[in-house]
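K.L.:
For reference, the chains in residue letters:
Protein chains: 2
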Amino acid sequence: MAHKLQNMLADVPSDIDIAQAVEPLSIKQIAEEAGILPEELMLYGDTKAKVSLSVVQRLASQKNGKYIDVTAITPTPLGEGKTTTTVGLSQALGAHLNKKVFTCIRQPSMGPTFGIKGGAAGGGYSQIIPMDEFNLHMTGDIHAITAANNLLATAIDTRMFHESTATDAGLYKRLTTNKKNKRMFSPIQVTRLEKLGIDKRDPLELTEDEQRRFARLDIDPETITWKRVLDTSDRLLRGITVGTGPKEKGKTRETGFDIAVASEIMAVLALTTSLEDMRDRLGRMVVATSFAGEAITADDLGAGGALTVLMKDAIMPTLMQSLEGTPAFVHAGPFANIAHGNSSIIADQIALKLVGEDGYVVTESGFGADIGMEKFFNIKCRYSGLVPDCVVLVATVRALKMHGGGPKVTAGKPLAIEYKEENLGLLEEGCSNLRAHIANARSYGIPVVVAVNRFHTDTDAEIDMIRKAAREAGAEDAVMSNHWARGGEGAAKLAEAVVEACEQPTDFKFLYPLDMSIKDKIETIAKEMYNADGVDYSEEAEEQIERYTRLGFDNLPMCMAKTHLSISHDANLKGAPSGFRIPIREIRASVGAGFLYPLVGSMSTMPALPTRPAFYDIDLDMETGKVVGLF
Amino acid sequence: MAHKLQNMLADVPSDIDIAQAVEPLSIKQIAEEAGILPEELMLYGDTKAKVSLSVVQRLASQKNGKYIDVTAITPTPLGEGKTTTTVGLSQALGAHLNKKVFTCIRQPSMGPTFGIKGGAAGGGYSQIIPMDEFNLHMTGDIHAITAANNLLATAIDTRMFHESTATDAGLYKRLTTNKKNKRMFSPIQVTRLEKLGIDKRDPLELTEDEQRRFARLDIDPETITWKRVLDTSDRLLRGITVGTGPKEKGKTRETGFDIAVASEIMAVLALTTSLEDMRDRLGRMVVATSFAGEAITADDLGAGGALTVLMKDAIMPTLMQSLEGTPAFVHAGPFANIAHGNSSIIADQIALKLVGEDGYVVTESGFGADIGMEKFFNIKCRYSGLVPDCVVLVATVRALKMHGGGPKVTAGKPLAIEYKEENLGLLEEGCSNLRAHIANARSYGIPVVVAVNRFHTDTDAEIDMIRKAAREAGAEDAVMSNHWARGGEGAAKLAEAVVEACEQPTDFKFLYPLDMSIKDKIETIAKEMYNADGVDYSEEAEEQIERYTRLGFDNLPMCMAKTHLSISHDANLKGAPSGFRIPIREIRASVGAGFLYPLVGSMSTMPALPTRPAFYDIDLDMETGKVVGLF
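Residue numbers (our numbering), protein chains in the order written: chain A, 147 to 777; chain B, 147 to 777.
Source of the hints: derived by calculation from the structure; they are not laboratory data.
Every clue listed holds true.
Because identical chains share one entry, a pair is satisfied inside a single copy or across any pair of copies.
Straight-line C-alpha distance at most 27 Å; calculated DSS-like pairs for lysine-lysine:
#1 Lys559 to Lys319
#2 Lys209 to Lys174
#3 Lys458 to Lys325
#4 Lys319 to Lys341
#5 Lys655 to Lys209
#6 Lys655 to Lys665
#7 Lys174 to Lys772
#8 Lys458 to Lys174
#9 Lys325 to Lys554
#10 Lys559 to Lys393
#11 Lys325 to Lys341
#12 Lys393 to Lys325
#13 Lys328 to Lys559
#14 Lys614 to Lys639
#15 Lys328 to Lys341
#16 Lys566 to Lys326
#17 Lys554 to Lys566
#18 Lys554 to Lys328
#19 Lys326 to Lys346
Predicted model, so just to flag it, every value in this text is computed and none were measured.
Throw the hints in and build the complete structure from the sequences for me.
P.N.:
In structure tokens form, the structure reads like this:
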């Protein structure tokens, strides 16, 4: 049962020490209390379990609970405690206000966990536990994504290799001869026949021309957008030449690896609504175009079914718990700058049914509201049909001072004195950033509550200044929250404000309709969300817009890949910048996930390790068998 | 409880149809019947569970059961049913002879599963179920290995990158400043100080020379033996150039990916005996040498602890079940040609305790006895201290006819008529291969039982000829086994012969002592096991032998990477070849796993996909949610 934390220490210990000091409840108990039936639960040890999608059908007649999105102002590179707030708010709602509650958050990438960031389970007395399970393999979802992504990658390269070395007849014969040496079309090949308008189903009946059309995908290597992925921060893999081995006949190609959580399959996992829908999305993912300009899909490569099989367990969200015993779903991935960075629709759907009409589902969208929240509304809510009841905007004194002109904040370097002492001047200046995000959030017709995530150096005058600015800018309320140091108790006032905001009427609207042109959609986001004067497109982006429009992909929403360190495209522009134009360098199409992916300036899709990565501190204590040094 | 299969069909259905027609018992029931306590079990759903190593301590006073290794004659490329025999024999012992029994087999690689081979859970009425769980992610062990391997790979390349761009002082300062901005050595850095003979523990006290020695690993890129891995058959990754991205400052390097199951970490998993031992092995893995010729280890790179954390669940074997409800451990990986290809010591240790004095543990070593069994004895049994009681040598009429000069056998092509009709002439000639393997196995002082794995085209006269040849060559017995078509019932006579053989006295001896020179060990294996006249070394191999001897790695056993399609190094030489010399192209050092790894001729460590990979048939049935097309 949800339980208030006891014996919290004034000198807050490290995240892993806190997490390991609390004995988690059995996940079976968490599930039972959340209303999940034993047959809907797939245990992974005593502290994690996957939950079946069938819950939604079983509870179809149940009304949904209230739906809360936690987002933030533009953060410093250190992050402003959005996950911590999400968990602390949930603990307050569940263990202190005695509401039914569910937290829906994303699984972190092990790249940053072992690199620069450390864990992502929240922090202090507001965490998902066991935090080591959360931060490591969890239930293998990211590994499944990696396996599926890379199976498709080798399918592309190997097919090109075989097409380049075989005659039409030889290629066709091999493609239509199964393992038992029988000539036949497999069901996935029938899909391709249908696409080509060929209605024959006996491989021996196709004309030579039909055989050639069926067998030759004729992939134009210059158009391949599918990269390999790893859940490892490996900068040397950003750009690679493949095929340099002695047996590959000189078939080299320039490509690279992305971090797995930024992959299209991760986005499919987050945005899918059922097993059937996932099968369709995985099959229609476009990896390249042919020399004739036609889109080549995963199903054309024969892989859509196998990808679905690889993802059949990953589609179930993982149930875990907070430090105060409230239930949490962990599902899909982070990186809202280069991905859409929201947790899964499926987790939210199940959770909203489980908490029911009087309950609360607290989810989180990545980084600042200009990116994570914008994508939450315009991509995730569009595909789910769910309407949020409240936005919680996390702000910190530290970040607002930075926006007001404070010294640079860098991970791994000491904070300047301005951040440790009261400085109302910097703070007042920096509230421009807060106001811009509140206005953005309000424009969707949803009430906004500002959560001022308290650090121990913050003064009351500073907190009050933020609260006043927030209310003046249209927030329903602005509340100091001390959940990091005090758990749910520290977020109780925030929770009360959220409960009240959820009673306000909403008038939810998307920022743009899907039938706008690609450029109009990008420009609407740029002007309305970023306050840009306009958009400049590279030659490559212009060509891609033309190609995607011709292929009918122009009716998809936009998933902007943009720095999270400014509302603009330039990480150095703090506060609420204006008078700039944003550059679109390239646009990728994630047709299966269901969005176009414009790259605003130069965005890396593979992080790097620092000189002294976090893994230097991580080990297993041989006495206790526990993980040490993960924070 | 172990139960005899009912309603077997004379026309044996496909593997997945058989597997899905049997409702698996709850894995909790399997565990309970095997004597595993609830607190020793970590469930992964209802059909898989990991089992704690603490079983061995709890049952320390229990005597071990009988220990049986299943191996084979030199197979055709289709395989001769070794896993199927292993499972069928176990089913016979458990469900028909009512013995306590455990099967210990390896987790397959998804590379071949989606590529050319299909599943590896056994076949027909002798399988581990659920076969789709077995063949897909299972409990994530291979994913953990992949993550650990690639974390170390990026640690190497990123460290070289940082060393190339930093001053001594800058590099040292960054390496000794932790996330909280404190100057300190982490425990793993203290390990390096100890290696360097520096007894200071305050970073500020080191002299400039000590700082440089500590901070600069000075890795010679030409000596890096650590490659990245994926569990995907991706031939284009065999050779790659990394670092071609625009931000990597031209730091390109030639390297490549291996299949994950052939990685050193997989070998560590198979050969380790405890958590502490695994931590040591992972830390002392050698990835390269410095320009000064010193070995650079995972711990030098600060990664040994993190690798252990990534592998902390993988070290526990996964409990599954056979079609007849007997328990099975699935642990470690295949590919005995390029790896050592045996399942884990830990699984065998736990299983031998659980079955106890009157029980039987049936394990399998990969491919033919010249490679898998040789490594089982000289590497695995050496590290475990366990002594086998019986070797089961699987033979087929098909393979022996091939050895007698029959037409080429190729996967995906129809078998020639010689293999479908009685042909005693070819068979008699081919028995040379059987005799060679029996002699090899007998030389270790262990009784041998030949299992003739029956195919439906085999005639009684053919079976009798093999049985006679086997007994004349020194086998205790030779028994026809029809477990593929009949499950445990079909292997009951084989099981009786094995029980009898296990009562024979053994006189187990290794083929070579560890204090022999590297060349003497290789030549002993070449002459005694392969019947070669001698060994030829490439210039590279000569240099490596010199280097490894200088570094003290010459006292390790040898893990020969050799074709499995001939007792010799040449896949075309069938039967029992003689009059050849084997070429050693290269020798790698797997210091953490604990062996040297001579490559006999040209061995690929990354498989390829065929033109029509197995994944064309694989999909999820949306009506039932079941996997189809996996076989």
